[in-house]
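Protein chains: 2
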Amino acid sequence: MDSAPNNSSLIDRIAAGDTRAVARAISKVEDFSADAAALMKQIFPLTGRGLVIGITGAPGAGKSSLVDKLALHYRRAGERVGIVAVDPSSPFSGGAILGDRIRMQTLGLDPGVFIRSMATRGNLGGLARSTVDAVSILDAAGYHKIIIETVGVGQDEVEVVKAADVCVVVLVPGMGDDIQAIKAGIMEIGDIFVINKADREGVNTTEKELEALLSLAMRDDLWESPIVKTVAPESKGIQELAAAIEKYREFHLTSKSGAGRRRAIARWRILELLRDRLVAQTLESESASEKLELLAGEVASRRRDPYSAVEELLGK
Amino acid sequence: MDSAPNNSSLIDRIAAGDTRAVARAISKVEDFSADAAALMKQIFPLTGRGLVIGITGAPGAGKSSLVDKLALHYRRAGERVGIVAVDPSSPFSGGAILGDRIRMQTLGLDPGVFIRSMATRGNLGGLARSTVDAVSILDAAGYHKIIIETVGVGQDEVEVVKAADVCVVVLVPGMGDDIQAIKAGIMEIGDIFVINKADREGVNTTEKELEALLSLAMRDDLWESPIVKTVAPESKGIQELAAAIEKYREFHLTSKSGAGRRRAIARWRILELLRDRLVAQTLESESASEKLELLAGEVASRRRDPYSAVEELLGK
Chain A
14 MDSAPNNSSL IDRIAAGDTR AVARAISKVE DFSADAAALM KQIFPLTGRG LVIGITGAPG
74 AGKSSLVDKL ALHYRRAGER VGIVAVDPSS PFSGGAILGD RIRMQTLGLD PGVFIRSMAT
134 RGNLGGLARS TVDAVSILDA AGYHKIIIET VGVGQDEVEV VKAADVCVVV LVPGMGDDIQ
194 AIKAGIMEIG DIFVINKADR EGVNTTEKEL EALLSLAMRD DLWESPIVKT VAPESKGIQE
254 LAAAIEKYRE FHLTSKSGAG RRRAIARWRI LELLRDRLVA QTLESESASE KLELLAGEVA
314 SRRRDPYSAV EELLGK
Chain B
14 MDSAPNNSSL IDRIAAGDTR AVARAISKVE DFSADAAALM KQIFPLTGRG LVIGITGAPG
74 AGKSSLVDKL ALHYRRAGER VGIVAVDPSS PFSGGAILGD RIRMQTLGLD PGVFIRSMAT
134 RGNLGGLARS TVDAVSILDA AGYHKIIIET VGVGQDEVEV VKAADVCVVV LVPGMGDDIQ
194 AIKAGIMEIG DIFVINKADR EGVNTTEKEL EALLSLAMRD DLWESPIVKT VAPESKGIQE
254 LAAAIEKYRE FHLTSKSGAG RRRAIARWRI LELLRDRLVA QTLESESASE KLELLAGEVA
314 SRRRDPYSAV EELLGK
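If you read the protein sequences in the order shown, they are chains A and B.
Numbered per our numbering, the first sequence spans residues 14 to 329.
Numbered per our numbering, the second sequence spans residues 14 to 329.
These are computed hints drawn from the structure, not numbers from a lab.
It cannot be assumed that every hint is accurate.
No distinction is drawn between identical chains; accordingly, a pair holds when it is met within one copy or between any pair of copies.
[As the list claims (entries may be wrong)] Listed next, the in silico DSS-like pairs over lysine-lysine satisfying Cα-Cα at most 30 Å (straight line):
(1) Lys249 to Lys221
(2) Lys221 to Lys54
(3) Lys304 to Lys175
(4) Lys329 to Lys304
(5) Lys304 to Lys54
Source: prediction; values computed, not measured.
Starting from the given sequences, assemble the full structure and let the hints guide the process.
Here's what the structure looks like:
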């Protein structure tokens, strides 16, 4: 017998802001467990109150430190903050390696801050889906601000950040010669740009380059993405960043383009979930899992091509 | 009537190294068109001859320049080189923005080099799948070296690079304070480490840090990942890099762990394809696509949760 409480009492505890219930629910969506769907259906009506802030940028940009200071800023205003750190490392071996332990040093044991690192787990992947589900759970639990932090600028990471209400892109001065290419990719997703480590040499050049690029950006709304300069360890510029986020929130709520964006996010979210669900269904039986291993061996030794293997798995 | 030749003549032309046929086949797998499966089944038996080299690293590490110089090195030895650049930008709007045009300046119109940027396209996503399929097509077309270059260090990018025969991780001196976290993630995938821009300050510190991290790495084989220092624009270290790649190729072919890795790659490749196939099947009818749009609107306006939307799509 499973002595765990059923979903409805779990939902009640989440709605009451119980952090253990929140952690347990996030594990369920991460594992894509059998009752995750029922849970998320009950969670959904409780969401839509918190502000979801996506923070992305290249490795080395100092995102973690920036997120921590921003969280502290909100804590001082009496708000509860959830942080979901997407860890793209170790897709095969799984596991968020450093994140949580390091964070705990700065945000400590503050009960008003919930931190969770999300990593890929096994077959059913779905880092993007489990991350947005985790955000919904934190939203339902009454966290006022939910920050999604992504290490890296990969496809999944970008999509997750785009699912936020506000997307903050973090740069640093003098990032080298393929910064142009990166900027071209992230320019269209940044609602706010941060130049962190703004006490470093080259900050004016980076700012000018960024302004030039932003002047070419084709946004489908009238928002002009501001550039905020920060020095996270000294908390410089954090207040300005929070103000820019608040300003965008107001803009986003009232603009017509906000509706289009919410629709694109919803569409993406359905597709991610559909993908995970279909794969889980196909592989749920033990015999299907065994067949997968067998077919992997055949493809590895070139006795079979991957396309035929998939047809075999689908029973065609 | 479609005047295009059928797959079997396309296969013949690919096998003969016809670049237009190669380009056309890659477009088919990118679009996941109806005959992509039949095409790839015929391609597969022709593969396994070329060496697939994955090159990844943080933005700003100078990967493109390094790849170009490495390609030139192989060209001088009379080998044909295929380059597949994974462009994680613009998942919503699609499109590889800068890549190809910039590359053309250095590698020019050399018919022995084939360059293709891969980007996400619409619903059926599958950047990882289409990239490994493109690599197979280049392999079948007789390219001796196929280089996969990824901008960013995201989850998909890492997985694609892991599907290569040799994985090269590119770092630069003094990348800032969360380098530790990045290294922890990529340490286990790097067969060869490059410190590019090795004429810069801090190269010795970075090398020592990297050596320390590598000494802790738990590889499941006896390979000791070498560190190669390069200055790509001056072609410094390129010969050493090529030698390290060749050395790893010999090791990989003879080691027992190579088989385990090929199996993990095959398994991952089947799963990626399964995912794409299942989603394509579910959404192939016009009515399903319309339903998706309708449901996205309902989820966006919070009248429905994403989980119920997926069940509706699946006709449950």
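If the cut is 30 Å between Cα atoms, do Lys304 and Lys54 qualify within a copy, between copies, both or neither? between (32 Å within a copy, 19 Å between copies)
Intra- versus inter-copy proximity for Lys175 and Lys304 (alpha-carbon distance at most 30 Å): Close across copies (23 Å), not inside one copy (37 Å); limit 30 Å.
Using 30 Å as the alpha-carbon threshold, which applies to Lys329 and Lys304: within, between, both, or neither? So Lys329 and Lys304 pass the 30 Å test inside a copy (14 Å) and across (27 Å) alike.
Can you give me the call for Lys249 and Lys221, within, between, both or neither, at a CA distance of at most 30 Å? Result: close within a single copy only, 20 Å intra versus 32 Å inter.
30 Å Cα cut-off: does Lys221 pair with Lys54 within a copy, between copies, both or neither? neither (47 Å within a copy, 51 Å between copies)
In summary, the one numbered hint that this structure violates is 2.
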